[in-house]
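**Q** Listed in order, the protein sequences are those of chains A and B. Just so you know, the first sequence maps onto residues 1 to 417 in our numbering. Just so you know, the second sequence maps onto residues 1 to 417 in our numbering.
Keep in mind that a hint or two might mislead.
Identical chains share a label here; the pair holds if one copy fits it or two copies do between them.
Below 16 Å or equal to it, Euclidean Cα-Cα: the simulated EDC-like pairs (lysine to aspartate or glutamate) are [unchecked claim]: (1) 126 to 92; (2) 68 to 29; (3) 68 to 92; (4) 68 to 189; (5) 24 to 286.
Calculated from the structure, these hints are not laboratory results.
Listed below are the residues making up each chain.
Number of protein chains: 2
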Amino acid sequence: MARLPQVVIIGGGFGGLAAARQLKRVACEVTIIDRHNHHVFQPLLYQVATAGLSPGDIASPIRWILRKQPQLRVLLGTVERIDTAARQVWMDGHDAVPYDFLIVAAGATHSYFGHDEWSAVAPGLKTLDDALAIRRRLLLAFEEAEREHDPARQRTLLTFVVIGGGPTGVELAGALAEIARQALRSEFDAIDPASARILLVEAGPSILPAFPEGLRASARRALRRLGVEVREGLAVSQVEDGAVAIGDERIEAHTVLWAAGVSAAPIGRDLGPGLDRAGRVPVAADLTAPGHAGVFVVGDLASFSHQTGQPLPGVAQVAKQQGTHAARNVARLIRGESTRPFRYFDPGNMATIGRANAIADFGFLRVSGFMGWLMWLFVHILFLIGFRSRLSVLLQWAAAYLTYQRSVRLITRNPGS
Amino acid sequence: MARLPQVVIIGGGFGGLAAARQLKRVACEVTIIDRHNHHVFQPLLYQVATAGLSPGDIASPIRWILRKQPQLRVLLGTVERIDTAARQVWMDGHDAVPYDFLIVAAGATHSYFGHDEWSAVAPGLKTLDDALAIRRRLLLAFEEAEREHDPARQRTLLTFVVIGGGPTGVELAGALAEIARQALRSEFDAIDPASARILLVEAGPSILPAFPEGLRASARRALRRLGVEVREGLAVSQVEDGAVAIGDERIEAHTVLWAAGVSAAPIGRDLGPGLDRAGRVPVAADLTAPGHAGVFVVGDLASFSHQTGQPLPGVAQVAKQQGTHAARNVARLIRGESTRPFRYFDPGNMATIGRANAIADFGFLRVSGFMGWLMWLFVHILFLIGFRSRLSVLLQWAAAYLTYQRSVRLITRNPGS
Chain A
1 MARLPQVVII GGGFGGLAAA RQLKRVACEV TIIDRHNHHV FQPLLYQVAT
51 AGLSPGDIAS PIRWILRKQP QLRVLLGTVE RIDTAARQVW MDGHDAVPYD
101 FLIVAAGATH SYFGHDEWSA VAPGLKTLDD ALAIRRRLLL AFEEAEREHD
151 PARQRTLLTF VVIGGGPTGV ELAGALAEIA RQALRSEFDA IDPASARILL
201 VEAGPSILPA FPEGLRASAR RALRRLGVEV REGLAVSQVE DGAVAIGDER
251 IEAHTVLWAA GVSAAPIGRD LGPGLDRAGR VPVAADLTAP GHAGVFVVGD
301 LASFSHQTGQ PLPGVAQVAK QQGTHAARNV ARLIRGESTR PFRYFDPGNM
351 ATIGRANAIA DFGFLRVSGF MGWLMWLFVH ILFLIGFRSR LSVLLQWAAA
401 YLTYQRSVRL ITRNPGS
Chain B
1 MARLPQVVII GGGFGGLAAA RQLKRVACEV TIIDRHNHHV FQPLLYQVAT
51 AGLSPGDIAS PIRWILRKQP QLRVLLGTVE RIDTAARQVW MDGHDAVPYD
101 FLIVAAGATH SYFGHDEWSA VAPGLKTLDD ALAIRRRLLL AFEEAEREHD
151 PARQRTLLTF VVIGGGPTGV ELAGALAEIA RQALRSEFDA IDPASARILL
201 VEAGPSILPA FPEGLRASAR RALRRLGVEV REGLAVSQVE DGAVAIGDER
251 IEAHTVLWAA GVSAAPIGRD LGPGLDRAGR VPVAADLTAP GHAGVFVVGD
301 LASFSHQTGQ PLPGVAQVAK QQGTHAARNV ARLIRGESTR PFRYFDPGNM
351 ATIGRANAIA DFGFLRVSGF MGWLMWLFVH ILFLIGFRSR LSVLLQWAAA
401 YLTYQRSVRL ITRNPGS
């Protein structure tokens, strides 16, 4: 019997998983490689960072998710190089994995716009590890403030700046305000957590640029009701330990969170030349990497501008649909057919602002407030992987909604989750 | 109005929490100090280490647990010195906290019997951080084995040695066997997790020395059914990276877990002289530290031998009852009465061996197997702190019981939980 075609998928995020699942009934052997052993439901990562959910609620082992696909192999490791000439990827530990078809779904990381030194002071939120490091920072800030005798230093410890007014920034700022004003209220002696100052800074003209102005306005109102200072049209000029410079104002803040920019995973360089400014691979209409036969690129690492002229946004839905489409094209090539161009169907945008409040834009329908939140809740529970996770998350949210509490306020130090 | 007496509690474990709660209605100001912001339900720590439960399921912030006690202050930090002459404790950062009465519930840490160099290779299980580090090790061992090409090295990666046959060791070994034989079954390609070798080594004549022989025997049988090699009467002579020497046998093992010995927290030295070999403070009948007026010692740090001639075991029940009693004695002193001697009421012993199997010894009643497990489950759910935790844990266990799965198989790297 002839050797089956080898398909290698780099990345176990939304794009990679969608591709792997699509290949289930295709006559090929699939290898999926990821740096982490788990898939993370990114849209809820901010809930882990703000102690609302446990890592186990929003992440599942990739092996477990794909356990029903015996012809599929999962490898834990980092892909260090793609050798498109020899058609193989090199992993850490010098393992070479040959491929006939390659689907690169390596995603993106934070971008500090050339100020990588800021990363130590202003952590971003991309992985479970990021979320846990941020959670630790937030909670420690209040604990240190409780022990601090100098009032000025106390104010600094209780000042939180979120940089970047996209959905993640808005959700972080909203959740932060809730922790300070509600969850921690009356648990401290020397400080009043409710006096914490929370700023949300957006360099562009408005927060949530992807949303229509009506919804933006209600998001702004909701944030202000929660006591978040929203600063729009102000760029961050400096970030250092204990302070940030916004426009020409200097703000003493112990905790600065980065939700501003992302840049594509560096592995994309092996698929150049011609990467765009964010390091993304400008893919052909069928999602192949120009000049690299049999190589598809999907998700945050791909720049697909054949539909609107603009690159599609780096959201879960784009990654999922592209992953599925790339896998279909691989199957077509295996059957000796030709590939088809990708078309994105936009299911709409959502963002939540603290407790029981969210905005949702489905084009034909725009909702905000409690109704928006119910939709947000429904959609996010629906797409969570794992029956147990769904129940557990519903449980946590129900309890949090009723008690204003946050259940996972743990400060831990070692490797772990 | 006269200044209220200052009571300082060191440690937010079972002993410290029990003391703090007991002081709720006493006319005094209470400060409780802990290195962690959370109280951990130690008896279930092995479940976090073996990916059965999330840290958030078995730990709650001390502030949150004690939120109903406004006259109580919680400080996050390490107590570096007790100055019994000046009646104050020194914290990290040179904060001095004065006290009129001191309750020391600092607990114990691992003891490697003079071989501290073993700690890096054979981690113990005392804190959430320990549990997360162990979980990471276990899961990585299987992942590395999957990528390993050398069969000998593969066997080493799939060999797990648990040192110490007390309840923790037994529970770790049982859970480990379950992960290998059930949870991970059929998720790997190059290896068969079920082929993993799991050894439980006890230097004493028998595992579970605190239990009657009948229950020990059924525990042994249960462990063997799970495929755990039980080695009794064999001391560990050497632990190094990748191998352990047991008796005169050398066993190549990538993962070695330490559940053998504990020694009291070093802070006890400030309450000497006269500490016992394990570094415990031999307390008077009323739990005071001899020669240190107004200082009480409870839990693992205390050696109380006035009841049976033998020191009481280092278990949660002893710590809880002593914490409560010490607080009562403090209240008596505040009221100008004299202290009363402590008496331990032994509610019995329990240990669980893998799925749906446990042994329980209530003296008048001895149970093993499924019935024992139901009792174990009931008792542990009952004493878990936090309504949310209880529901969540029940949910996880129900799911695990039905699916043989373990829901929290996450490998993370950074600080976090």
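**Q** What hints, given by number in increasing order, does this structure fail?
**A** Structure breaks hints 1, 3 and 5.
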